[in-house]
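Chemist: Hey, can you work out the whole structure from these sequences and the hints?
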Amino acid sequence: MGDLTSLVFKRLGLGLLTLLVVSILIFFAVELLPGDIAQAVLGQGATEETVNAMRQQLGLDRPAPVRYLDWLAGAVQGDFGVSLVSGDRVSSAISERFINTLFLAAYAAAIAVPISIVLGVVVALLRNTLFDRVANVLTLTSISSPEFFLGYILILYLSVKTGMFPALASLKSDMGFFELLHRTFLPALTLVLVVTAHMMRMTRAAIINLLASPYIEMARLKGTPPWKVIVRHALPNAWAPIINVVALNLAYLITGVVLVEVVFVYPGIGQLLVDAVAKRDFPIVQACCLIFAATFILLNLMADVGAILTNPRLRHPK
Amino acid sequence: MTKFSDKDVLLEIRDLKIEGYSDETWVPIIKGVDLTLHRGEVMGLIGESGAGKSTIGAAAMGYARDGTRISDGSIEFDGMELTTATESERRALRGSRIAYVAQSAAASFNPAHKIIDQHTEAPVHYRIQKRMEAQEDAMELYERLRLPNPQEIGFRYPHQVSGGQLQRAMTAMAMACRPDLIIFDEPTTALDVTTQIEVLAAIRDIVDQFNTAAIYITHDLAVVAQMADTIKVLLRGEEVEEAPTEQMLDNPQEDYTKSLWAVRSFQRPQKSRPTDGTLPVISVKNVDAAYTGGVKVLDDVSFDVYPGMTVAVVGESGSGKSTTARVITGLLPPSSGEVLFKGEPLPPRYQDRKRDQLRQAQMIYQMADTALNPKVRINEIIGRPAQFYSGLRGQALKQRVDELLDLIELEPAKFYNRYPPELSGGQKQRIGIARALAAEPDFIICDEVTSALDQLVAEGILKLLDRLQKELGLAYMFITHDLATVRSIADEVVVMQNGKVVEQGPKEEMFTPPHHPYTDLLLSSVPEMDPNWLTTLLEERGVDNIGDAADV
Amino acid sequence: MSKKNQNLIDRIAEEARKGRISRRDFMHYSVAAGLTASTATGLWTTSAAAQPKSGGTFRWGIHDGNTSDTHDPGTYLTRVMIFLAHTHRSYLTMINGDGSLGPDLADSWEASEDASEWTFKLTENASFHSGKKVTADDVIASLNHHRGDDTTSAAKALLTDVTDITKDGDYVVKVALSRGNADFPWLMTDYHLAICPANDDGTIDWKSGDGSGPYKIDNGEFGVQFSLSRHDGWHREGAYFDKVEMITLNDPNARQTALVTGDVDSVSQVDLKTMALLQRDPNINVLNVPSAGAITMPMFCDTAPFDNVDVRNALKLSIDRDDIIEKILFGAATKGNDFHHSPAQPYWPDDIPQREYDPDQAKSLLKKAGAEGLTVSISTADSVSAGAVDMAVLYAEQAKAAGITINVVREPNDGYYSDVWLKKPFCLVSWGARPTPDVMYTLAYKDDAAWNESHWQNERFNELLLQAKSELDDTLRAEMYREMAMLARDDGGTIIPFFNNFVYGARANVGTPENLAASWESDGARAASRWWFND
Amino acid sequence: MSIFVIGYYAALIAASCLAAYYKKHGAFMLLFSLTLVSFIIGIIGGVPALRAVTTFAGALALAAGTSYAFKEFLILISKPALAKELRTAPLTASFGMFVIFTYAIAAIFAPWIAPHGESEVISSAFAPPDENMLLGADQLGRDIFSRIIYGARNSVGLALVATLLAFFMGAFAGLMAAVKGGWFDQLMGRLADVIMSIPSLIFALLMLSIFGTNLGVIVIVVAVIYSPRVFRLTRAVAGNIVVMDYIEAAKLRGEGDWYLIRREILPNSTAPLVAEFGLEFCFVFLLIAGLSFLGLGIQPPTADWGSMVRENATLISFGDITPLIPAAAIALLTVAVNFVVDWMLFRSSGLKEQ
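Chains as they are written, first to last, in my numbering: chain W, 1 to 318; chain Z, 319 to 870; chain X, 871 to 1405; chain B, 1406 to 1759.
Keep in mind that the hints were calculated from the coordinates and are not lab data. One should not assume that every hint holds.
[Said to hold, decoys possible] For the chain X half of the interface with chain W, some residues (derived, Cβ under 8 Å), not all of them:
no., residue
1, D1020
2, E1091
3, G1093
4, Q1095
5, I1117
6, N1123
7, A1128
8, V1130
9, P1282
10, S1288
[As the list claims (entries may be wrong)] Cross-link-like lysine to any residue pairs, in silico, SDA-like; alpha carbons within 20 Å at most:
no., chain 1, residue 1, chain 2, residue 2
11, B, K1585, Z, R671
12, W, K10, B, R1595
13, Z, K693, B, V1647
14, B, K1585, Z, Q669
15, Z, K716, B, R1668
16, W, K228, Z, V442
17, B, K1428, Z, T404
18, W, K10, B, L1592
Here the structure is a predicted model, which is why all the values come from computation and not from measurement. We put the beta carbon where it would ideally sit given N, CA and C, even for glycine.
Modeler: Shown next as structure tokens:
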């Protein structure tokens, strides 16, 4: 277990380094964006005077590296600064949005992960049958369709034509849990369609990859029935790649859903980030990107730890 | 066939034909084989790779591997016709009445489950025993198979148990439902000789104790001589001959069988070191080496290789033979000590060596499959060193390649433009040799060059190497675990164990007692053709001694 | 009573029976048509089948909102904030449904002779949601928020002429101007000039979101939605809904779907492409209101090849306005005539000949200018307006007939107004509706205006502009604006192909007054206080 | 009961019986279960539903037939070695190849195939289909069919160039990292981590906002976003190859890194790389479509499928299929590429499950 702890710490360290580089990159990317926050906030109504006045108030007249270091000094103490536009604390501006994003991701994952693994196992069991081929074509189609396309189709059939689910996923604070589930069903379903296929195919591939292993042949030669060969002998050894792809898709559910948020008007962090980029609101952009990057890094780390924990060789050292 | 009566027939295979799918067509693998096995009989199936031994073994369970199919013939097991039975009927036999022991126990145990859970799977599935009973039974079998700690060893995961022990555990697993027939598919091939003995003894005992019939598949004559009542020889999917063991050993009928027997006779006279003060080509001086992570794998290794001589480095897996080769080639810089080439110290890292220094020492690899780039034509594989070191171009280069192909006895016109995957194992190994020769080296490291080859082919390679040595005055460092090879080709022998040189000296000396105890163990563990060899050896050593040896 | 007036009254009564006119408007028109107030009231009770009813929650999908919005009136930018401002805050004056100027916080206003000093009398009934009365101090602080050297307000330019703002008692505010401006009360409707509670130090408290408008904010999140409830005791008539929910719906498809499925009661903008399809839906009313907003295409008059008036006119002639209105706006626009004065604004000259698509004449003008086979680039972006890119592409196709090659350059959406507008010599610009021609011309056509987007310098035009500003006689003023329009049309550097309509939608059960204000979408951004539910 | 329904069931049952007679179990199960399902569909949906099933089956059969014929065609025209490979292709893969081939033809010969110009306004907005315009007109009165043909050239060409560049960068870095190892490997790995940890759409948004949305920038940005994936794969594939004895032999010969990459590693990693290329192409294609959807794509009036979807997306709520056509064109191509990739992966992984 000592190896695992040291691996986790090593990876966390590397992750922090990655975050640092990301933050530098993002900072200068925002710097490079044409126009600045003053122009963006004042829009068409900007004059040189007002723009200068606003720059001065926000401290944008200081050189960029100084501002970055200033931000960094705060960030290492857990203070990500205040939004340049609204003056709110970044943490409070983001937290609610991030919770929304996590909720949607969790909702989609709660449906998609079990379905894709079960289906993946079933398809592996029925490999090369008609069912497998149909599933193959369907999953490929759902992977290949643009997300906004899926979203619009779902809206058309489940909302406009049948009225079963609301097309808008806007949230209100006084909503009950089931109303919440009902209201966010379409975006969740769109995401489910996007990620399920990938995870299911990977589960199938991971299992089928193992079917040539001698221990699978051994299991068959012991008279083990086919489903048990898959579930008991192949699946336990296929966890590492499955966990990996699940983690990758979970990361996507959190970081990659801007389009779905746009289509369903869901108040998630992606929309916030896009808006903040439009307004050149550096602290928000930075915090959002770091959250995304950290999510990605942590999920990858968890996948690696998961792979280790499901690998008996590493779990039970000699 | 006097020992067994006809009414005791357990397995009857008639005119079995099996086809394999390759290149979009079904090609025959087994071309009409008959086999009769009686209760309690152990039949050895012997043949070279591609002879169809394993395929017949699997077919005896009514099982066709992926990509193969039983196309004709009948397989009757205890009155039940397997070729027409349904899949579930056949499956019901497997594990309960016919069991299987695979070549590599390490790969054939599921890494995700404890050994005992895999053991009890079949008896519980067939409702022969309850789980707890099956566990009790497993422990008893472990004890009978002389596994250490029989009460506890089953609760380990496969990777926590050594290879020899796993192989015995797998035999125990096969025994779990007390089957009528066990298929042993090369169960000791992957093991070191000292471990092999232990497993062989255990298998023989348990098969005797339960009077189980067995098909023992192997390519090693000496091994099968210890195990089988009857031996059947196969060649390319057809039977060559079948006879009771003693008869087969003493008086083989067919030419092919005789040639198999004759393999072991190649031997060449031992040369001795030059006495005229010639410096050794390679001199390994007090080398220590460790891989990253700090585990020391070489400990004060020293030996010399003189021009024109063959030094065999022997030892079991993990003894440091290959690491020594890596130190010499510069892939692994030693942590102390040095390697001299004709008296001059070589830079420890290959990157720091001069082109000419690299040229002087070449290497031939064990696995010709991974040693030759499958996507590069033969002419480039061989031609590249010539081009690289000697700057040959165009016609001169082609001529040199032809010359080299001639040298390794492959027809240049035929092989010049081919790719490695189109070649047989022996041909590939020859290309490997030609590539080494193309650099015009003084010294070649041969790393287990024959261990992946069938005996007849290996023989050819050894003869080729011998001839080349005579013609070109090469010095070989011959890494091997096979003492028979050492006996046939070496001039000097270095015995290694756990990264240390245990003993070294001229071959004749090494093969005559007194030995270092480890050398003795190695030498005595090499199976011999005598069917009573194992029995005698076990008596000599005493059972307990073997158990220790197997745990090395 | 004249025949004309009788017809008008009949029509008003008919509208009232259909429930398409508010009581206030009914009274307004009836009195205008010559009835006395009491007769009008009687007529209203007999004819109005559906007068405004109170109650219900109005869910209002608005098309332009951003998470980084704030309550600072100086930096209002998005529609959501503008609409919100008109719902939870008050202004001194407001634009009525019929386009006239009406009272909001100010009950009445009057000017000095030269229109350089204005006096506003405030209503004494108005209070902030916090309960505090709205007084002259609040008004002064709110206007000063946009003045001074360190202000960051986008409305600073609007108030540059203001020299002093003083109070005369708690309910009278006097504004002194450096030069006369007859339109000053109209300026007070600018969306930035919302009245916020004053702090003791003369600044305003905008952060709290407190206001004196018809609804108060219960809770909300910028860029997402706001929930409001009625401010009992609002100082004007209306505010029929109990609650209002303003939902940011930036995606046109989401907006439309929400309206179709009934997830919202009204949306502030309808995609023009689907307008016709939407009109077929019996559950939906599409509201199509001509506005003073326009897409302009300014050319730098001091930069070749646009420094030649013939080239400019050739470019004006080679745009097929009807085709663009049909294809880009699906008919929802008023044809433009290259002067920035729309029929929705006062003093509109209706007798100026319309410029039509005439590639042949354009060709001959180019020949005259020696610029045959002209090639120019036009910059545009999707952020200008939904059809801006298509429009430029279409224009490029049309101009081919005049032998002009127009390269359409799609610029990045972000920073379009800082990097393209006023920087590139030929581009597309979107202008919101301004209340009067004076405001518009002063902003973007005056020689020294910061936003003189075409770099147009015309002495006579500027002279007239200044004269008209302080002219209180309407007839004289109208004549001046006519002459200015002709100058802009024939000499100016701006192509104005059309004034776009505001096209928005509401569910069929939403009652709307007959006249919908043209200053913003959704009835001048005041749908929340002017509309009601019919059932 | 109409003649159609009787004929429908008669055909199905007859086909089932034939399949059963000739012991084609798979075909029998398929046909007979279709018969049973048809009872339910027929009861619920009536004749139109059955017609839909027939149309669908017919389309499927047509696609299968086309694929089969196309495969045979390819086998006949290609060299023996390639023909042997092609014979192993399942129908899905040959369908994919057929679609890719069609798209390629459309893209290359767009000006000749398209009946109208790319940006030529020929009718009123949203004019319905007629003999002159196969799919009707778009919001500016341009022929949708012609624009889809040109869109193949633009969208596919752009994605192809971007993918190629991503491959060039990623594969080169991956091979170098595998051969060099040490700090270079570490550095490239970290760099890949950094790029991958920023969501791709956001990264593209930032970069395109900074550098403008011209074609070159789109290609470079998209290539940068996807190169880490290629890098990782190449690194992994090459990592498996560099431990081979023939690499050791070449190293010990004193060969340079470039020779190792070019002659020893690259020829052995083409199969997985080509398969990955197909997948990457799909992702790149979808990303560019997403960017176009957000308004950051190709410049107008250039036809591009992503923007075509975006421009007309609102029509979907009214059941108008116009915006779905380019979206379906995107989906069809990615599906087709995936089919081919699937087959190639199957070939290269050597899975011989029967």
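Chemist: Given N1123(X) as an interface hint, is the shortest Cβ-Cβ distance to chain W below 8 Å?
Modeler: Hint holds; N1123(X) Cβ to chain W Cβ min 7 Å, cut 8 Å.
Chemist: With 8 Å as the cut and Cβ atoms as the points, is P1282(X) at the interface with chain W?
Modeler: holds (7 Å)
Chemist: Answer holds if the nearest beta-carbon of chain W is closer than 8 Å to that of S1288(X); otherwise answer violated.
Modeler: Holds. Min distance 4 Å.
Chemist: For the restraint on Q1095(X), tell me whether the closest CB of chain W is nearer than 8 Å.
Modeler: Cβ of Q1095(X) sits 6 Å from chain W, so the hint holds.
Chemist: Is the interface hint for D1020(X) satisfied, with its Cβ closer than 8 Å to some Cβ of chain W?
Modeler: Holds. Min distance 5 Å.
Chemist: Given the hinted pair K1585(B) and Q669(Z), is their Cα-Cα distance within 20 Å?
Modeler: holds (12 Å)
Chemist: Regarding the hint that I1117(X) lies at the interface with chain W, is the smallest CB-CB distance below 8 Å?
Modeler: Hint holds; I1117(X) Cβ to chain W Cβ min 5 Å, cut 8 Å.
Chemist: Is K1585(B) close enough to R671(Z), meaning Cα to Cα at most 20 Å?
Modeler: Roughly 18 Å between the alpha carbons, so the hint for K1585(B) and R671(Z) holds.
Chemist: Regarding the pair K228(W) and V442(Z), is the alpha-carbon distance no greater than 20 Å?
Modeler: Between K228(W) and V442(Z) the Cα gap is close to 13 Å, so the pair holds against 20 Å.
Chemist: Per the CB criterion, is E1091(X) less than 8 Å away from chain W?
Modeler: Holds: closest Cβ of chain W sits about 7 Å from E1091(X), inside 8 Å.
Chemist: Please check whether G1093(X) passes as an interface residue: C-beta within 8 Å of a C-beta belonging to chain W.
Modeler: Hint holds; G1093(X) Cβ to chain W Cβ min 6 Å, cut 8 Å.
Chemist: Does the alpha-carbon distance linking K716(Z) and R1668(B) stay inside the 20 Å limit?
Modeler: holds (19 Å)
The structure agrees with every numbered hint stated previously.
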